[in-house]
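**Student:** Listed below, chain by chain, are the residues.
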Amino acid sequence: MVAVSFSYAMRAPAIPLWRMTRKRYERLVDAGTFGENDRVELLDGLLVAREPQGSLHAMAVVLARTALERAFGRRYHVREEKPVALDDLSEPEPDVVVVRGGPRDYRTHPSSPVLVVEVADSSLAFDRLRKGGVYARAGVADYWVVNLVDDVLEVYREPVRTTSRGTGWKFASVRRLERNATISPLAAPRARIRVASLLP
Amino acid sequence: MTTYPVPTRRWTRAEYDRLVELGVLHEDEPIELLGGQMIVAEPKGTPHSTAIGLTADALRAAFGPGWVVRVQGPIALDDESEPEPDLAVVSGQHRDYLVEHPARPALLVEVAEPSLAFDRRYKGSLYARAGVEDYWIVNLVDEVVEVHRSPLPDPTSEFGWRYGDVKTFRPGASISTLSRPDVTVAVADLLP
Chain A
1 MVAVSFSYAM RAPAIPLWRM TRKRYERLVD AGTFGENDRV ELLDGLLVAR
51 EPQGSLHAMA VVLARTALER AFGRRYHVRE EKPVALDDLS EPEPDVVVVR
101 GGPRDYRTHP SSPVLVVEVA DSSLAFDRLR KGGVYARAGV ADYWVVNLVD
151 DVLEVYREPV RTTSRGTGWK FASVRRLERN ATISPLAAPR ARIRVASLLP
Chain B
1 MTTYPVPTRR WTRAEYDRLV ELGVLHEDEP IELLGGQMIV AEPKGTPHST
51 AIGLTADALR AAFGPGWVVR VQGPIALDDE SEPEPDLAVV SGQHRDYLVE
101 HPARPALLVE VAEPSLAFDR RYKGSLYARA GVEDYWIVNL VDEVVEVHRS
151 PLPDPTSEFG WRYGDVKTFR PGASISTLSR PDVTVAVADL LP
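Chains as they are written, first to last, in my numbering: chain A, 1 to 200; chain B, 1 to 192.
By construction, these hints were calculated from the structure, which means they are not laboratory data.
Do not take every clue at face value.
Said to hold, decoys possible - Here are the simulated SDA-like cross-link-like pairs (lysine to any residue), alpha carbons at most 20 Å apart as the crow flies:
#	chain 1	residue 1	chain 2	residue 2
1	A	K23	B	K44
2	A	K23	B	R18
3	B	K44	B	A61
4	B	K44	B	E84
5	A	K82	A	T108
6	A	K23	B	A56
Stated by the list, open to error - A partial selection of chain B residues facing chain A, derived with a Cβ cut-off under 7 Å:
#	residue
7	P7
8	V20
9	L22
10	V24
11	I39
12	L54
13	R60
14	L140
No residue lacks a Cβ here, since even glycine has one placed at the ideal position from N, Cα and C.
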């Protein structure tokens, strides 16, 4: 059963939500706490319900996976909606990540993806800000948001500290790329991916 | 400031109890389940603890036999809430609650210092929704006791309910409880 509630951030008084460590979260997962239809991820200690994917979202995930598999060589592999052991309080399941090595190199979840991709429609602000802050803090150097609302690719790089609320981190470099642009992943600088190939 | 929804997954009370059974949560951790969210209970200062002790003594004396005054014990409030109010007065004997936490308290009391706004608005709305008829806040900031009664629906409140009748009592005043209107509790006896 999944119920979704919305932000308390805009309301006083602030709610001191309890934050769960990744260790405890993994015990919950191992104990079978979450059923198949109970899609959650741990983000900054909070258990976040993952929204059901629409058809365009699902298509964009497959497009990103296909494009990245082509762009990255055999020294990397692409994972789709798989857990990342990001930090002590976070175990997100990004739409697509690229990690070093092959699948057999990871008896435990990978923790340092070279590229994270989220496909965003209704979750756009959440993916940009909250998730972006968590990824920046964890030192993710290359974070892409496939923005289905505006039909563009947003590329976030250069994680830096910030004084604003949230995780205390953000990306200093934000680029918005239209369909006709191309993008090279930081970890595969010689590859060129057409933005149009990522958009439904 | 930009705001955006944080779609947190909510917990049921049954799941929350299971976390304790699994050992993922420890029974003595300062956590309460309120409206499906796990909330960190604030550390209690010495005036807070003193007020809890004073209030427990006063309520035990006022209610007498046939009632149990529980201190920071869990309440099975609703399907998604298991708060641990500073004090709860429930009918019966201690052993009546050996298997299940009490669900229908006659009176809940929170001692509030930094948590005053939270206890008033957030917990107040949750307790009102659950039909708790008598909710007191021992307000250490203003040195008064607030009596919250008459739950009524209010869509603007956190959980869709609030107390329609809120009265403030100063030291020197006495409060009669809803469940035992024949006895009174002196405000001065509750404040440190």
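**Student:** Compare the distance between the alpha carbons of B:K44 and B:A61 with 20 Å, and conclude whether the hinted pair is satisfied.
**Tutor:** Violated. B:K44 to B:A61 sits at ~24 Å, over the 20 Å cutoff.
**Student:** Does B:K44 sit within 20 Å of A:K23, going by the straight-line distance between their CA atoms?
**Tutor:** 27 Å, violated
**Student:** Taking the least C-beta to C-beta distance, is B:V24 closer than 7 Å to chain A?
**Tutor:** 5 Å, holds
**Student:** With 7 Å as the cut and Cβ atoms as the points, is B:I39 at the interface with chain A?
**Tutor:** Constraint on B:I39 satisfied, holds at 6 Å.
**Student:** Given the hint that A:K23 pairs with B:R18, does the C-alpha gap stay at or below 20 Å?
**Tutor:** 17 Å, holds
**Student:** So, as I understand it, the hint says B:L54 touches chain A; can you test that by seeing if any CB pair is closer than 7 Å?
**Tutor:** 26 Å, violated
**Student:** The hint names B:V20 as touching chain A; please verify it with the least Cβ-Cβ distance against 7 Å.
**Tutor:** 12 Å, violated
**Student:** Is the hint on B:P7 kept, meaning its closest Cβ partner in chain A is under 7 Å away?
**Tutor:** 5 Å, holds
**Student:** So, as I understand it, the hint says B:L22 touches chain A; can you test that by seeing if any CB pair is closer than 7 Å?
**Tutor:** Holds. Min distance 5 Å.
**Student:** Return the status of the interface hint for B:R60: holds when the least beta-carbon distance to chain A is below 7 Å, violated otherwise.
**Tutor:** 30 Å, violated
**Student:** Checking one constraint from the list: CA of A:K82 to CA of A:T108, max 20 Å. Satisfied?
**Tutor:** Given that 20 Å is the threshold and the Cα spacing comes to 11 Å, the pair holds.
**Student:** Hint check: A:K23 vs B:A56, CA-CA at most 20 Å. Holds or violated?
**Tutor:** 38 Å, violated
Of the hints listed earlier, those the structure fails to meet are numbers 1, 3, 6, 8, 12, 13, 14, in rising order.
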